[in-house]
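Undergrad: Go by the hints and put chain B onto chain A.
Sequences listed follow chains A and B, in order. For the first sequence, position 378 (counting from the first letter as 1) is numbered 378 according to the working numbering, and the numbering increases by one without interruption. For the second sequence, position 386 (counting from the first letter as 1) is numbered 386 according to the working numbering, and the numbering increases by one without interruption.
Keep in mind that the hints are not guaranteed to be accurate.
Partial chain A-side listing against chain B, Cβ under 8 Å, derived [to be verified]:
(1) Arg182
(2) Ala188
(3) Leu233
No lab work stands behind these hints, which were simulated from the structure alone. None of the values given here were measured: they were computed from a predicted structure. Ideal Cβ positions, reconstructed from N, Cα and C, are used throughout, including at glycine.
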Amino acid sequence: MTPRATVGSHAAPGPSTSRSTTSSHAHRLRLRLVRLAALLLGLLVCVALAATLAIRTRSGAPGWSERTPAREPRVIPRADILNRFAGAAQGLEREDYRQVALHLIEGWALYRSPEGARAHYPGLPSDAGREADGLEGFARMLPLAATLLMRGEDPEVAAGLKLSQALRAGLIAGTATDHPARWGTVQAYSPQYVESADIALGLWLARPVLWEPLSAEQKVRVAQWLAGTMANLPHDGNWMVFPLMVHRSLRALGVDVSRYDARMQTHWERLMHLHRGRGWFHDPPHGFDYYNAWSIHNAFYWLRRIDPGFGGALVSEIHGEFAGFLRHLISPQGHPPLGRSTCYRMALVAPLLAALEMAPGALPAGQALRALDLSWGWFIAHGAVQAGGVTAGLCQADPALQARYSGPASCLWALRSLTIALDLDHRMGLLDEPRERLPVEREAFVLRHAATGWRVEGNPATGQVWIDMPQAQQPEQVPRLLEYTWTDRAMEWLTHQPRRPDNRVALYRRARYGTDDDIALRCHRATEPAGDRLVSSVDR
Amino acid sequence: MLTQSLPEVAQGQRLWDACIIGSGPAGITIARRLSARGWRVLLLEAGQAQVEPDLQADQRGLVMSDLPLDPQVSRLRCLGGSSNHWGGFCQALDPIDFEPKVAGLPTEWPIRASDLLPWAHEAEQILEIGPTPPTQAYGDQLRIVQMRYSPPVQFGQKYRGWMERDPTTVVVLGACVTDLHERSGTIRSITATDRLGRRFELRSRQVVLCCGGIENARLLLWAHARSGGRIVSDPTTLGRYWCEHPHFTLGEAVLDGEAPFTYDAWNLAWLMPQPHAIRRLGMLNIGLRLVRRSRETTQQIIHRLACSAPELGQHLMRQAGRRVGRRLVCGVLLRAAWEQVPRPWNRIVLSHELDRWGVPRPEIHWRLDEQDRHTARTGATLLGAELARRGQGRVRIDDWLRADAGWPVDDETVGNHHMGGTRMSRDPHEGVVDPNGKVHGLSNLHVAGSSVFPGCGAANPTLTIVQLALRLADHLIGQHT
Numbered sequence: 001m002t003p004r005a006t007v008g009s010h011a012a013p014g015p016s017t018s019r020s021t022t023s024s025h026a027h028r029l030r031l032r033l034v035r036l037a038a039l040l041l042g043l044l045v046c047v048a049l050a051a052t053l054a055i056r057t058r059s060g061a062p063g064w065s066e067r068t069p070a071r072e073p074r075v076i077p078r079a080d081i082l083n084r085f086a087g088a089a090q091g092l093e094r095e096d097y098r099q100v101a102l103h104l105i106e107g108w109a110l111y112r113s114p115e116g117a118r119a120h121y122p123g124l125p126s127d128a129g130r131e132a133d134g135l136e137g138f139a140r141m142l143p144l145a146a147t148l149l150m151r152g153e154d155p156e157v158a159a160g161l162k163l164s165q166a167l168r169a170g171l172i173a174g175t176a177t178d179h180p181a182r183w184g185t186v187q188a189y190s191p192q193y194v195e196s197a198d199i200a201l202g203l204w205l206a207r208p209v210l211w212e213p214l215s216a217e218q219k220v221r222v223a224q225w226l227a228g229t230m231a232n233l234p235h236d237g238n239w240m241v242f243p244l245m246v247h248r249s250l251r252a253l254g255v256d257v258s259r260y261d262a263r264m265q266t267h268w269e270r271l272m273h274l275h276r277g278r279g280w281f282h283d284p285p286h287g288f289d290y291y292n293a294w295s296i297h298n299a300f301y302w303l304r305r306i307d308p309g310f311g312g313a314l315v316s317e318i319h320g321e322f323a324g325f326l327r328h329l330i331s332p333q334g335h336p337p338l339g340r341s342t343c344y345r346m347a348l349v350a351p352l353l354a355a356l357e358m359a360p361g362a363l364p365a366g367q368a369l370r371a372l373d374l375s376w377g378w379f380i381a382h383g384a385v386q387a388g389g390v391t392a393g394l395c396q397a398d399p400a401l402q403a404r405y406s407g408p409a410s411c412l413w414a415l416r417s418l419t420i421a422l423d424l425d426h427r428m429g430l431l432d433e434p435r436e437r438l439p440v441e442r443e444a445f446v447l448r449h450a451a452t453g454w455r456v457e458g459n460p461a462t463g464q465v466w467i468d469m470p471q472a473q474q475p476e477q478v479p480r481l482l483e484y485t486w487t488d489r490a491m492e493w494l495t496h497q498p499r500r501p502d503n504r505v506a507l508y509r510r511a512r513y514g515t516d517d518d519i520a521l522r523c524h525r526a527t528e529p530a531g532d533r534l535v536s537s538v539d540r
Numbered sequence: 001m002l003t004q005s006l007p008e009v010a011q012g013q014r015l016w017d018a019c020i021i022g023s024g025p026a027g028i029t030i031a032r033r034l035s036a037r038g039w040r041v042l043l044l045e046a047g048q049a050q051v052e053p054d055l056q057a058d059q060r061g062l063v064m065s066d067l068p069l070d071p072q073v074s075r076l077r078c079l080g081g082s083s084n085h086w087g088g089f090c091q092a093l094d095p096i097d098f099e100p101k102v103a104g105l106p107t108e109w110p111i112r113a114s115d116l117l118p119w120a121h122e123a124e125q126i127l128e129i130g131p132t133p134p135t136q137a138y139g140d141q142l143r144i145v146q147m148r149y150s151p152p153v154q155f156g157q158k159y160r161g162w163m164e165r166d167p168t169t170v171v172v173l174g175a176c177v178t179d180l181h182e183r184s185g186t187i188r189s190i191t192a193t194d195r196l197g198r199r200f201e202l203r204s205r206q207v208v209l210c211c212g213g214i215e216n217a218r219l220l221l222w223a224h225a226r227s228g229g230r231i232v233s234d235p236t237t238l239g240r241y242w243c244e245h246p247h248f249t250l251g252e253a254v255l256d257g258e259a260p261f262t263y264d265a266w267n268l269a270w271l272m273p274q275p276h277a278i279r280r281l282g283m284l285n286i287g288l289r290l291v292r293r294s295r296e297t298t299q300q301i302i303h304r305l306a307c308s309a310p311e312l313g314q315h316l317m318r319q320a321g322r323r324v325g326r327r328l329v330c331g332v333l334l335r336a337a338w339e340q341v342p343r344p345w346n347r348i349v350l351s352h353e354l355d356r357w358g359v360p361r362p363e364i365h366w367r368l369d370e371q372d373r374h375t376a377r378t379g380a381t382l383l384g385a386e387l388a389r390r391g392q393g394r395v396r397i398d399d400w401l402r403a404d405a406g407w408p409v410d411d412e413t414v415g416n417h418h419m420g421g422t423r424m425s426r427d428p429h430e431g432v433v434d435p436n437g438k439v440h441g442l443s444n445l446h447v448a449g450s451s452v453f454p455g456c457g458a459a460n461p462t463l464t465i466v467q468l469a470l471r472l473a474d475h476l477i478g479q480h481t
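Isolated chain A (complex conformation):
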């Protein structure tokens, strides 16, 4: 054993050295591997950073990072508005609507771009980019502003600058071919295409202060810019009213648009082809939604105002039928939210007001006004008007309900009922009319609507309204409303493009929508504390 031990003892350094050498080699190998891994990791991080930068600089929505901080109007503070509209159930007055309009104009002035061609509201941008969003901020406020101007209100929107001057400056800058703030040409399916309709309407409405003071050259430029809408194609559906609005407005302003007459007739015929009866138009590929109210029937009102013969008896008839049905959907708790662009919510009642002139007898004026009061009261109490603008959601701002093509000013379409109300009031003293209860406040009802296939049910005890959609594909399942998640937020941060949940299935394919479903109940999360408090104070 000894020799072996000796041998072993003598021999020990050998293996020991060998182990030590092996260990040292292994250590070096490990070190090398760690270095290699670190290098690879570093490279990976660099590539990821480069890719992030590339994605963000190349593929994002233009102006994504430029956000406007929210501000609150001070001359007419929001608390005043909340206070006024908290008493909507008891009936609102002319001054309430005038005040909210002025409050919103004051908000517009806060976000107006220096040259006046845009208004950059706070909120999540659209995929069209900041410039297009800013154009919406100008165009979608214009009809309301024009109505106020025609009522003799021309508030100061900046030191020494009246509203009318600011709007004219914006029109001139936006339509100039060489101005840095120009809106860009109107092309088929472009954001400019949509906005041109409101711009044309605003021009016509306030023509003595917006159109007539323009120089001949400026008029030509404005008309040429608007003509892009008539020269290009709209999508099928509610887009078809945009070129019609531009055409009739320009013609009424004395511009020769006869070369587009045949095209307008074609648009009109195609639109009427989508009519499925009783004023309801199919909006392909979505189906029936409230664009019928806040886009198509709203446009009918203005087209008829501009061109009293527009659409003839047919339009009067279907408008009356539409309004007669629509009033059943309005309740003291809003309306059953469905379809795209839920944030236009207050505009749903626009056709009810329009019907008072377009289809006399379709509904009592008191009901139309009651619908206006309740709609504005409900949604303002739940956060619809904030930071001088209209929030992008059913109540508060809600990215789950904001389409990727919607920007922070898109929801100013919600003002369309207010614009019609003020226009009618200016001409007919409408807002003085006594209010009458809506169908859901009177008695329980069940309506079957042949054109849409909808079954509408109202309960006066609870004030709830429901719409059953028999054509829904999965009546036993309720497609869930998808939320805007941190993943969406992260992807937006990474790509600089909106990534909003695609909620078309939940908004179009459910078997039932109601004023108390999970979509509507999102409003209850958003009740304005000030509003509630103020309700109490008014009651006291």
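TA: Here is chain B on its own, set in the frame of chain A:
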């Protein structure tokens, strides 16, 4: 006689038996038929013997469409008209194309397929094609059909000798008709303008418009407007119900060697729906074209199928691995041309832009709609279902067609088949010409060509154009004997 001298022809105020405006397949066919019966025929062609760029530029028009459609490219202004660049595809309309198909869709003709049969053989001879080949059922819903191919016959070339020699026919090149003059329900004269802009009045007992699927409507719209509304008794439909044959790739397929399709010289196999399937499914007629692909492309198609249906894809890949070598699995592109529903708002109107002679250029309003999508999707689905049922292959329908996405603008999109605009009807309120091609309310103005089609079927139109032209010529002859 073939001449370029309009002044010479206009001299002496000669009264022609027939003045035919346009020298395409319809115009030449009618002229030959009438002259064979001894009629003194004046055939006016706005172009020259060959295409000349400045004259061709007169074919320009405005287009209001979201799909590419270029009237300057698709039409030729020269002797023989657009037959100078057609592909020679010939197919007769199906009997169902003349009958009502889907309630509410105005595709019915006032005549039936049998009304054209007497002229089928002669039209086939003119176009140098064989008789109608038999069809073969492919399941309950589809049938396999065969396309017939003309060489293609170029009418200007084929009949040039006849034009030069025929003693009773005068063919005038560079004679552009710019107006029609009506008195007491009869076209008394027409105005033709020569290349130098000189205008001449020409008189004829019968006048036949054969200017093509856009120009027929354009000339009538212009003459109607110039005459203060005296040309067409009810202009409601004039220029309207204009159609094209939409041409799109609908998807792709892999076919087992058992699939009973035979591919023609163009590497195409053809299928169409059965009449009862058209009626049952509310679709219009559609020609499905299977375009055979290479072995490499077949593998790619299988891989794409594997993405949407993994198990199926694996199965096909195994099968393809065994059989592609023997070319028993075949990849095909699924293309289609279908019958567009005639809509009144798809139409020709007069634009505010004038051509060199002061005639407004045409403005074409043309769009596809949900019925087109339905026809295309249903056609592709029928094929997919039948292939799957028989275990003979699988179809992958393209995303744009499955989802409700926009039409792919980078596809072929149109067949350059311009139909409608002066549609045929019994009732003057529903069309421009009667079942014989005579303009409602006028005694001697006729229209020939695809502009009279009230519905357009899925068949390439030239064969039907020639049949209708022969029928109209015989009708004119019959009137005067």
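Undergrad: It remains to establish, for every hint, whether it holds in the given structure.
TA: A quick look at each hint next to the structure:
At its closest, the beta carbon of arginine 182 (chain A) sits 26 Å from a beta carbon of chain B; the interface hint therefore is violated under the 8 Å criterion. Here the hint on alanine 188 (chain A) is kept, as its CB sits about 7 Å from the closest CB of chain B, short of 8 Å. With a cut of 8 Å, the hint placing leucine 233 (chain A) at the interface with chain B holds, because the nearest CB-to-CB distance is about 5 Å.
Violated hints amount to a single one, hint 1; each of the other numbered hints is respected by the structure.
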